[in-house]
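Chains as they are written, first to last, in the working numbering: chain G, 482 to 761; chain U, 482 to 761; chain P, 482 to 761; chain W, 482 to 761; chain R, 482 to 761; chain E, 482 to 761.
Hints are supplied without guarantee of correctness; some may be wrong.
For identical chains, the list gives no copy identity; a pair is met inside one copy or between any two copies.
In silico lysine-lysine, DSSO-like type, Cα no more than 27 Å apart, as pairs [as the list claims (entries may be wrong)]:
1. K662 x K644
2. K662 x K488
3. K662 x K547
4. K547 x K488
5. K514 x K547
6. K644 x K514
Think of the hints as simulated: they come from the structure by calculation, not from any bench. Predicted, not measured: the structure shown is a model, and the values here were computed from it.
The primary structure of each chain is shown beneath.
6 protein chains.
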Amino acid sequence: MADSWEKSIAFFLAEDLGRGDATTRAVVCGGEKGRAALIAREAMIVCGLDVVRAVFAFLDPDVEWKPRFDEGGRVSAGDRLAELAGRAAPILGAERVALNLLQRMCGIATATRRYVDAVEGTGCRILDTRKTAPGLRVFDKRAVAAGGGKNHRFGLDDGILIKDNHLAVAGSACEAVARAKRSASALLKIEVEVENERQLQEALASGADALLIDNRTPAELAALVAVARRMRPEVPLEASGGIHLENVRAYAETGVDFVSIGALTHSVVAADISLEMDLA
Amino acid sequence: MADSWEKSIAFFLAEDLGRGDATTRAVVCGGEKGRAALIAREAMIVCGLDVVRAVFAFLDPDVEWKPRFDEGGRVSAGDRLAELAGRAAPILGAERVALNLLQRMCGIATATRRYVDAVEGTGCRILDTRKTAPGLRVFDKRAVAAGGGKNHRFGLDDGILIKDNHLAVAGSACEAVARAKRSASALLKIEVEVENERQLQEALASGADALLIDNRTPAELAALVAVARRMRPEVPLEASGGIHLENVRAYAETGVDFVSIGALTHSVVAADISLEMDLA
Amino acid sequence: MADSWEKSIAFFLAEDLGRGDATTRAVVCGGEKGRAALIAREAMIVCGLDVVRAVFAFLDPDVEWKPRFDEGGRVSAGDRLAELAGRAAPILGAERVALNLLQRMCGIATATRRYVDAVEGTGCRILDTRKTAPGLRVFDKRAVAAGGGKNHRFGLDDGILIKDNHLAVAGSACEAVARAKRSASALLKIEVEVENERQLQEALASGADALLIDNRTPAELAALVAVARRMRPEVPLEASGGIHLENVRAYAETGVDFVSIGALTHSVVAADISLEMDLA
Amino acid sequence: MADSWEKSIAFFLAEDLGRGDATTRAVVCGGEKGRAALIAREAMIVCGLDVVRAVFAFLDPDVEWKPRFDEGGRVSAGDRLAELAGRAAPILGAERVALNLLQRMCGIATATRRYVDAVEGTGCRILDTRKTAPGLRVFDKRAVAAGGGKNHRFGLDDGILIKDNHLAVAGSACEAVARAKRSASALLKIEVEVENERQLQEALASGADALLIDNRTPAELAALVAVARRMRPEVPLEASGGIHLENVRAYAETGVDFVSIGALTHSVVAADISLEMDLA
Amino acid sequence: MADSWEKSIAFFLAEDLGRGDATTRAVVCGGEKGRAALIAREAMIVCGLDVVRAVFAFLDPDVEWKPRFDEGGRVSAGDRLAELAGRAAPILGAERVALNLLQRMCGIATATRRYVDAVEGTGCRILDTRKTAPGLRVFDKRAVAAGGGKNHRFGLDDGILIKDNHLAVAGSACEAVARAKRSASALLKIEVEVENERQLQEALASGADALLIDNRTPAELAALVAVARRMRPEVPLEASGGIHLENVRAYAETGVDFVSIGALTHSVVAADISLEMDLA
Amino acid sequence: MADSWEKSIAFFLAEDLGRGDATTRAVVCGGEKGRAALIAREAMIVCGLDVVRAVFAFLDPDVEWKPRFDEGGRVSAGDRLAELAGRAAPILGAERVALNLLQRMCGIATATRRYVDAVEGTGCRILDTRKTAPGLRVFDKRAVAAGGGKNHRFGLDDGILIKDNHLAVAGSACEAVARAKRSASALLKIEVEVENERQLQEALASGADALLIDNRTPAELAALVAVARRMRPEVPLEASGGIHLENVRAYAETGVDFVSIGALTHSVVAADISLEMDLA
């Protein structure tokens with residue numbers, strides 16, 4: 482919901498503004514109007530223009546806003562992503578937060594799109610992870626979707642994912658899945674992380690709804706996929722660990738349903754975007 | 482103050498936990514104890530172990546915590562950054578937020594250290610910018626300091642920086658600086674962004690306390706530095722724009738006091754760290 | 482996590498205390514100590530003693546607390562549920578909020594247990610709904626679990642449940658399920674509400690993960706269960722609508738996996754509990 | 482003030498929505514419009530339609546809203562309480578919270594009206610208590626007023642009510658009332674709970690502004706009323722304890738000014754109301 | 482409750498600290514310990530030492546604190562109000578907020594005591610008003626009590642006070658009081674502001690619980706008091722308007738029960754207190 | 482930014498309203514409209530009318546508002562500062578908070594103007610301090626500016642001011658300034674408090690950006706000013722301690738750039754303003 486944006490945006494602006502924009506307060510007399518454009522300095526996938534609009538509107542609800550691209554659209558260097566007009570002071574006060582968000586979201590969407598293009602035709606989908614910048618998950622995950630990826634869990638509460646550290650505590654996958662089936666909320670799926678055939682068979686036998694196969698080479702992965710398809714063909718399979726743009730297609734071609742990529746959100750390269758202003 | 486950490490950490494944990502850690506709640510019986518270690522998977526500069534401790538302590542104030550390195554220390558692949566012990570459930574619940582923060586902070590500190598090493602001996606210092614991930618500025622800036630960099634403004638309120646967009650509104654630098662000297666709070670310095678000799682001379686003449694020289698080649702920059710030193714030798718000079726690890730020393734050798742690098746915080750590569758757990 | 486309790490408890494106490502407990506402030510001198518007991522005035526299932534402890538501890542972290550029963554335990558009229566001791570003023574200030582919460586939770590747990598007992602041996606489990614008192618869901622749902630019931634969704638985000646109003650907008654169940662499979666987060670199950678055989682067959686064919694069969698008599702329900710088991714025996718079936726303590730066993734004996742009962746939480750009868758105090 | 486509604490409604494919606502309405506997000510494309518009606522499934526007293534409007538308006542300020550009954554109005558089974566129209570997604574997202582609130586408020590108003598009708602002509606008024614669902618007091622108390630009841634204290638700060646537990650600490654009623662007269666805020670009345678003639682006389686003699694007579698039979702109560710009226714006829718008298726719909730008139734006819742009924746708010750039966758939707 | 486202090490103190494410290502105490506962070510190495518004393522520079526009534534302790538404890542829960550005077554005690558110039566010891570950094574960070582609060586509270590208590598002394602023996606009590614500094618009411622009112630005054634309403638919700646502006650809307654006092662008796666919460670008294678005999682008689686006749694007689698000379702006031710005592714001797718009378726230290730005794734001697742003084746809190750002279758520090 | 486007003490105003494109104502304006506709720510039927518005027522009862526400098534507007538608008542966004550004076554304007558007794566019209570209930574509910582704020586701000590602006598007038602022609606400017614009422618700094622400081630004063634730091638984070646208590650911990654001014662230059666944020670000036678010539682020389686030699694000379698007579702101050710101007714003529718000098726309206730000109734004529742006056746904000750005399758209302 483837009484509401485969670487509101488709170489985040491208020492928090493981000495408060496972080497940057499503190500007691501207020503001392504420079505603008507000192508050098509802008511008050512009523513001056515300005516026009517500005519957000520300009521792409523390189524090719525990218527657009528994401529988050531509506532978020533950026535909300536940032537500017539937070540400081541000035543009357544700001545005029547003309548987006549030039551749709552969410553997920555492809556943009557070339559030099560393109561104007563959006564134009565805005567209104568009182569200069571709030572535009573200047575919101576500029577940095579707006580750019581910081583937009584550059585990150587476009588950066589994520591652009592990177593995701595490269596992975597999605599790399600696996601095109603295999604039927605495999607690119608998943609994100611919870612390795613997002615703290616406080617920015619909703620924005621990071623939206624950018625993955627804008628780039629054509631699919632979202633994995635938004636948090637620890639909208640899915641059960643039993644990993645190695647859980648098994649270190651709970652004992653067997655069998656026992657862990659049984660406990661989860663007994664007490665977890667009724668509509669959550671149970672996914673189990675496995676690294677080898679024995680674990681995979683145990684997890685499938687115990688009734689897991691999905692499997693995460695971690696840290697395998699494409700060849701090892703293909704063998705495990707074959708085993709899983711024989712046992713329970715309807716169970717979705719996800720691969721993770723050591724997968725990057727150069728080898729992602731090899732992983733996708735093993736027949737897994739999903740490949741998850743932490744770097745999409747933990748190691749973001751900001752897209753190059755600037756805001757240019759002149760008096761209205 | 483630690484207080485601002487508290488609120489941020491609460492926010493980050495809430496983002497990840499939502500209604501709670503469904504997996505741990507389902508598969509951990511309650512009282513199990515565990516031991517865990519944070520392990521560096523590559524060489525890095527350490528930053529933020531006390532923040533990570535606060536993350537774990539937020540969910541379990543009784544967690545035991547043994548850090549193995551000081552802030553800013555150099556770490557090798559395989560080193561244990563810290564060890565912790567306590568109830569397994571809150572450790573599992575906090576793991577992802579802790580890692581997301583730590584990997585980002587160590588990533589920033591490590592990158593900063595590379596820049597600082599590159600300009601060693603020139604007397605020039607590496608500055609950060611406000612191009613941080615929204616909501617993470619205090620952590621991003623601490624990581625820069627841990628890597629040997631110096632912090633520029635923490636927000637729009639602890640310094641006056643008159644940039645091109647301000648001049649588009651206020652008219653001349655002369656007028657903008659005069660306004661700032663009249664009305665700004667008494668202990669804030671006034672820095673002016675300039676791109677050429679005419680702007681530089683105007684800014685110095687109008688009484689600016691510092692200059693930011695943007696988007697010049699090292700040679701152009703050196704010439705401007707010479708002009709500035711002749712006019713007002715006590716005014717600190719900062720360079721920015723198009724500076725990266727390969728050319729930063731050339732910029733530093735122009736005699737500027739500071740070089741500011743946006744990529745330190747807007748394009749972070751997460752340091753590779755994992756948490757490994759076993760039963761206590 | 483305990484954290485969400487904290488906020489709720491703070492909110493509940495603030496609601497009752499306003500500017501403070503005027504009576505206690507006026508008539509209690511300050512340091513008087515007191516002992517108190519929470520006493521059951523009728524037979525009940527206990528639930529929420531740890532929540533109540535947190536209420537008292539919120540106003541006085543040093544309060545002594547001795548619970549006498551475990552969560553879910555059966556209690557007779559006259560039993561002491563817990564004893565507490567400490568400064569009299571905060572105990573008096575927290576008394577009403579503590580009782581209001583405890584009486585509601587015990588009331589829900591007691592009613593749930595009656596339903597669970599009524600279906601004993603059928604294999605059918607009693608589910609709750611989202612028909613909880615606004616702001617009290619986490620407490621209401623915990624009470625259902627304490628009474629032996631199982632929790633359905635905690636909110637609109639931890640499961641997909643496509644109901645008649647959604648179909649009025651989305652068109653066919655087939656289309657709605659397809660959309661959900663494409664874009665929903667990876668680990669959420671998709672349940673579809675149906676009222677007749679045609680809808681049931683369409684929902685099963687479209688790949689729903691679970692079915693909610695609403696407003697059928699036990700005989701009609703049994704017929705639909707038979708159809709569903711033939712088509713996709715692994716799909717869990719839930720019945721709802723017009724089910725009460727007198728007819729719940731008939732519904733359970735149709736072979737459905739779950740029966741959900743809104744009245745468990747929307748029409749609660751408070752358990753009769755009082756707090757009695759004397760000077761320490 | 483409406484403001485406190487806003488915060489509560491935001492809290493209630495956040496509780497239900499969590500990270501957002503996963504079902505609607507998945508199956509509704511975005512712009513679809515819908516019409517809906519809130520329909521009474523049984524006879525009831527209406528209360529809280531403006532609250533419900535605020536719930537829907539919180540998610541969509543542009544929702545159209547046509548209430549069909551006034552606060553406190555009598556409604557028959559099948560009546561449409563209100564109609565609404567607007568974007569389908571926010572209506573679906575707010576539906577459950579709206580119904581949970583409305584069904585509770587109408588349930589309380591309906592029950593209160595039964596008590597008010599039962600004492601009609603006696604001059605005795607029905608009072609509520611602080612035995613409300615935590616977090617819902619403002620709504621619960623409004624529903625009592627809509628049903629014709631009068632509100633007792635909204636919290637511990639808008640009145641002094643000295644009960645048995647206070648006397649256990651403060652000693653005599655005489656001393657407690659004296660303390661309250663000395664230090665309490667200037668415009669708060671002082672009510673004292675009594676159970677027998679000795680206590681009643683002491684409380685009246687010490688200057689109490691009102692009396693609460695607890696746990697007496699109608700005959701015992703009548704005798705105490707006579708004593709009180711002789712001593713200080715202007716002091717209002719309230720009866721409580723063991724009073725229900727069947728015996729409330731007998732209590733009212735003793736001549737007390739008020740009868741207070743905890744069950745009005747601690748044991749609510751939700752009124753049966755549904756929301757039906759179709760495409761606009 | 483202490484809780485409302487907590488929030489206010491957090492707010493006050495956040496106001497002063499912003500992103501943190503830049504000076505202390507820069508010049509204090511971290512672990513230095515210090516001792517400090519709060520020293521009265523003039524004679525005063527002490528108030529709020531426990532509040533000040535909470536301010537210091539907010540930044541350092543381990544600070545040692547030794548108060549030297551009780552609430553309401555008389556202090557001479559040069560007296561040490563309290564001593565504290567602990568880490569120097571948080572003491573320096575909290576110093577200004579602590580002094581700002583303490584100087585205000587002691588200033589109010591000292592001024593109140595002068596008024597209380599001036600009316601000694603008349604039986605008349607000094608009341609405060611709602612003319613407090615926004616956000617500081619709980620502290621301002623506590624200081625009045627520490628100086629021997631009595632508190633009037635804490636807000637618009639703990640008493641009914643019908644003033645001229647209300648009568649301009651509601652029409653007659655008679656109608657206004659009747660409405661208040663019908664719908665206001667059960668334990669709130671109804672006070673009516675009057676300026677002449679006609680208004681006074683109307684207010685008493687309509688059943689007001691207390692009267693506020695505004696803007697009369699002592700002689701006029703005495704005449705009105707006589708009328709009121711004849712009509713309803715039990716009704717408390719309060720005088721306000723144009724009353725200061727020089728004429729307050731004349732007002733008190735008219736026989737009114739209360740005199741209220743807005744200047745106690747709207748025009749405060751800070752008591753002169755300093756904090757002196759040395760290394761431990 | 483207006484945003485920080487919003488939160489403060491919400492807090493101030495909540496403090497006064499509590500559970501709501503019981504009087505207005507009881508005696509105003511709901512829809513009555515009213516007109517009101519804010520009237521100056523004495524001569525004053527106006528400050529904060531836009532803040533007051535925001536207070537009324539918080540409770541009723543539709544209130545009509547006509548300010549009659551500009552910020553900083555001079556007003557005579559009897560002048561109408563502003564007129565407003567709208568629903569009577571929210572105007573009555575906001576009246577006290579509005580007046581409390583306005584009377585304080587006008588009181589501060591009026592006092593400041595007296596100081597500013599007293600030093601006219603000397604070139605010396607009047608500074609405020611951090612001795613503001615907790616929670617009201619932004620309003621107190623605005624009032625100083627409206628009266629012609631200049632603002633010193635808004636908090637501990639927008640300037641470095643090394644005072645005696647810091648030196649007690651850090652040792653020499655030399656060491657303290659060196660530390661500050663090394664680690665403080667790039668655009669903060671460093672001011673040092675001195676009391677004698679030795680301290681002054683040390684502070685100037687160590688590179689302080691400004692000096693605060695405390696507790697000197699005008700003659701002593703003049704001598705120190707002469708020393709400072711000889712050493713580093715560009716360093717701004719501020720005097721404080723024991724300065725009041727009668728001697729401020731003597732201090733100003735010593736040649737200092739600034740005189741700071743704590744009493745401007747720690748000992749405010751409220752300007753006399755009333756709100757008068759009649760039915761529209």
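Here is how each hint holds up against the structure:
no.	hint	verdict
1	K662 x K644	both (16 Å within a copy, 24 Å between copies)
2	K662 x K488	neither (35 Å within a copy, 29 Å between copies)
3	K662 x K547	neither (50 Å within a copy, 33 Å between copies)
4	K547 x K488	within (24 Å within a copy, 31 Å between copies)
5	K514 x K547	both (16 Å within a copy, 24 Å between copies)
6	K644 x K514	between (55 Å within a copy, 17 Å between copies)
Going down the numbered hints, you'll see the structure goes against 2, 3, while the others check out.
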